[in-house]
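Make the full structure from the sequences, and use the hints.
Protein sequence lines correspond, in order, to chains H and U. Throughout the first sequence, residue numbering follows my numbering, covering 2 to 420 in sequence. Throughout the second sequence, residue numbering follows my numbering, covering 2 to 295 in sequence.
Hints were generated in silico from the structure; no laboratory data involved.
Each computed EDC-like pair below joins lysine to aspartate or glutamate, with the alpha-carbon atoms no more than 16 Å apart:
1) H:Lys241 to U:Glu135
2) H:Lys190 to H:Glu243
3) H:Lys190 to H:Glu211
4) H:Lys241 to U:Glu3
5) H:Lys95 to H:Asp115
6) H:Lys319 to H:Glu70
In case you want the letters, here they are:
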Amino acid sequence: MAPLPHPGGRVRASVTLIAAVAALSLAASACGIGGGGDEAGEQDAGPITIGASLPLTGEFSQPGQAAKEGYEVWQEMVNAEGGLLGRQVELIIKDDASNQNTIVADYNALISQDNVDLLLGTFSSLLNLPASAVAERNQMLYVEPAGGSPEMFNRGFEYLFFTQQAPVDRQGQVFAEWLISLPEDQRPKTAAYPTLDDPFAIPTSEGIEEILVDAGIETVYRETYAIDTKNFDTIVNRLKAEQPDLVVNGAIFEDGIGLIRAMRKAGFAPGWLYQSTAPSLGDQYAEGIGPENTEGVMFAISHAPEAETPGNEEFVAKYDEMLGGLPPEDAADAFASGQVLQAAVEGVGSIEDQAALADWLRENEVETILGPLSWDETGATEGDFLVGQWQDGQVEYVLPEEAATTDHIVMGWKPGDAN
Amino acid sequence: MEQLVQNLLLGLLLGGVYALVASGLTLIFGVMRVINIAHGAFLILAGFVSYTAWTWLGIDPLLGILLTTPLIFAFGWLVYRLVVAPIRTAPMASTVLLTFGLALVLEAVMGFVWGNNSTSIRPSYVDESFTIGELFLPKSQVYGGLLAIVVLGGLYVLLTRTWIGRAIRAAASNPTGAELVGIRISAVAALVFAIGIATAGAGGAIAAVLYPFVPGSHYLWIARVLAIVVLGGMGSMGGAVLGAVMFGVAETMTSAYVSPAWATAVPYAIMFAVLLARPQGLLGSRLREDVVAT
Numbered sequence: 002m003a004p005l006p007h008p009g010g011r012v013r014a015s016v017t018l019i020a021a022v023a024a025l026s027l028a029a030s031a032c033g034i035g036g037g038g039d040e041a042g043e044q045d046a047g048p049i050t051i052g053a054s055l056p057l058t059g060e061f062s063q064p065g066q067a068a069k070e071g072y073e074v075w076q077e078m079v080n081a082e083g084g085l086l087g088r089q090v091e092l093i094i095k096d097d098a099s100n101q102n103t104i105v106a107d108y109n110a111l112i113s114q115d116n117v118d119l120l121l122g123t124f125s126s127l128l129n130l131p132a133s134a135v136a137e138r139n140q141m142l143y144v145e146p147a148g149g150s151p152e153m154f155n156r157g158f159e160y161l162f163f164t165q166q167a168p169v170d171r172q173g174q175v176f177a178e179w180l181i182s183l184p185e186d187q188r189p190k191t192a193a194y195p196t197l198d199d200p201f202a203i204p205t206s207e208g209i210e211e212i213l214v215d216a217g218i219e220t221v222y223r224e225t226y227a228i229d230t231k232n233f234d235t236i237v238n239r240l241k242a243e244q245p246d247l248v249v250n251g252a253i254f255e256d257g258i259g260l261i262r263a264m265r266k267a268g269f270a271p272g273w274l275y276q277s278t279a280p281s282l283g284d285q286y287a288e289g290i291g292p293e294n295t296e297g298v299m300f301a302i303s304h305a306p307e308a309e310t311p312g313n314e315e316f317v318a319k320y321d322e323m324l325g326g327l328p329p330e331d332a333a334d335a336f337a338s339g340q341v342l343q344a345a346v347e348g349v350g351s352i353e354d355q356a357a358l359a360d361w362l363r364e365n366e367v368e369t370i371l372g373p374l375s376w377d378e379t380g381a382t383e384g385d386f387l388v389g390q391w392q393d394g395q396v397e398y399v400l401p402e403e404a405a406t407t408d409h410i411v412m413g414w415k416p417g418d419a420n
Numbered sequence: 002m003e004q005l006v007q008n009l010l011l012g013l014l015l016g017g018v019y020a021l022v023a024s025g026l027t028l029i030f031g032v033m034r035v036i037n038i039a040h041g042a043f044l045i046l047a048g049f050v051s052y053t054a055w056t057w058l059g060i061d062p063l064l065g066i067l068l069t070t071p072l073i074f075a076f077g078w079l080v081y082r083l084v085v086a087p088i089r090t091a092p093m094a095s096t097v098l099l100t101f102g103l104a105l106v107l108e109a110v111m112g113f114v115w116g117n118n119s120t121s122i123r124p125s126y127v128d129e130s131f132t133i134g135e136l137f138l139p140k141s142q143v144y145g146g147l148l149a150i151v152v153l154g155g156l157y158v159l160l161t162r163t164w165i166g167r168a169i170r171a172a173a174s175n176p177t178g179a180e181l182v183g184i185r186i187s188a189v190a191a192l193v194f195a196i197g198i199a200t201a202g203a204g205g206a207i208a209a210v211l212y213p214f215v216p217g218s219h220y221l222w223i224a225r226v227l228a229i230v231v232l233g234g235m236g237s238m239g240g241a242v243l244g245a246v247m248f249g250v251a252e253t254m255t256s257a258y259v260s261p262a263w264a265t266a267v268p269y270a271i272m273f274a275v276l277l278a279r280p281q282g283l284l285g286s287r288l289r290e291d292v293v294a295t
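As structure tokens, then:
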């Protein structure tokens, strides 16, 4: 411990003491001392506590806030039906401020200080990468609503389960395969791939590029930009010079808005525009780029409010009751994570053994509002995403045909007064 | 060649906005020796005030500078009196910590009032550009750049042609001497802090039209603006403008001719290189204590 204070050294001693305590608590949390996993079942009488840290502020606050809503709607619905294993569910949600360091501290604190019984994941691959490592080290089940980057699944983790239909490198597969199925004269000949330097955005656009290149669509531009890029004018200036028929933008949100605004200012409109994530954020997207510029933008999406999947109607109604309006995709993804966690707990009938919960998920298919989900050994899912398109200021689901809300597809991007 | 001119113009326009924001930070440092880490947060605050004036009252965000800047000036003065004044003469580390705390508080308050969702201001001209032959100049950037020049010009006149400006410069170059000739340093400091914040406010109103923002966007701004001020020379107004323009041009040129992935990193590399040759920055002056320190 800290040395005893000597005359005149009281302040220094106090500082040493504080530093020592801080260092010890940091070390304890870093090592996961007192991990909640083993103690999970000891407080049977009280509620089951479920911890998560979400990017409620910072660059990823858009999906983070939506995910919080999804978790809260799930909690409300589970508790209304009598809870989990007869116990009420209590969520402990922290804010990681979109920061990779904070999220590690948050999940360590959830496990070792809050002693949560179960965990739920966070948003974006960037944050799920370190957060899932904390869960794995503490041998706790980690069900994540986002984080579909291939990097997530090549680490040999046993407690990680992704709850969207497919990892991100296959997110644009349905769109790309549809595009190359078009008659020769309608198909783009050249494509550009400006992409955010992010473990989610890069594989998304690479997955599409791979299919398009195989089909003979030439890549005329591929560049990544840093997350703190505000100014997209020069990127668009290059795009304008290359004049690609298709732009595939691996985006999260603000960068996607920034790129389109720069395109409009430069008077450049490619024939086709595909973006990841940003267009799925509804009104926020339309406000950001202007509703008149949304027409024809295509994107992959995991959830449709109109889908006839089990429990979806109830979820959409409950969301509207609690928060008003239609649920954004990220809220639905978070809700689905809750459903998967619930299925595992109810399937095993206990929360004592986290390994048993993981084993149960590997062996079973779970019905969610996103459709049935099942997992391979790595925790990755094996389904197909929906393809959405903005039409008349609304999001329509255009592919695959069996899940489509319309049989009309706008052939290309038709922004406001573009030439 | 055309591409080069186009990219250069885009870089200069970007640098103009950077210059406006950096001028306030360097002014505050020059007079008060306070590194205002909350500068970016005041900028974002002005963005939200502009957004509210635009959505509620239909006031154009750039014209609205006439409304937002005095408001932010008054807020800056109040913050100085309540928070900064008590530690004005404390060691620099204390003021850095205090203003960092202030930035966090402002971020939380903005999140509470306006929410943490991305906010965009889209006046009618936001997607439009002036075209000269094949070149395009985005209207919002041109208006923003011109406004930045007007505000910076006004600041220059204030500092060089008015009694208040002379008092500010006197307080910056020799606080003890200034007090001896009857200048109240505490009053000058309050005024300088408020003016510095007001320039961040004007910059914020312009930036809000150019880029979407969230309360947490202030980190990106303070990182960039601090680097600009250090590059130009801490406390040097001319240095801040020069540093800002260099930063803006370096960012766009790197994006165009190297890779967008390096666009935000290369300006910092240039800053390191400049500091190796001139530790006091481009136009900064070497102080007696700097010499002693080396």
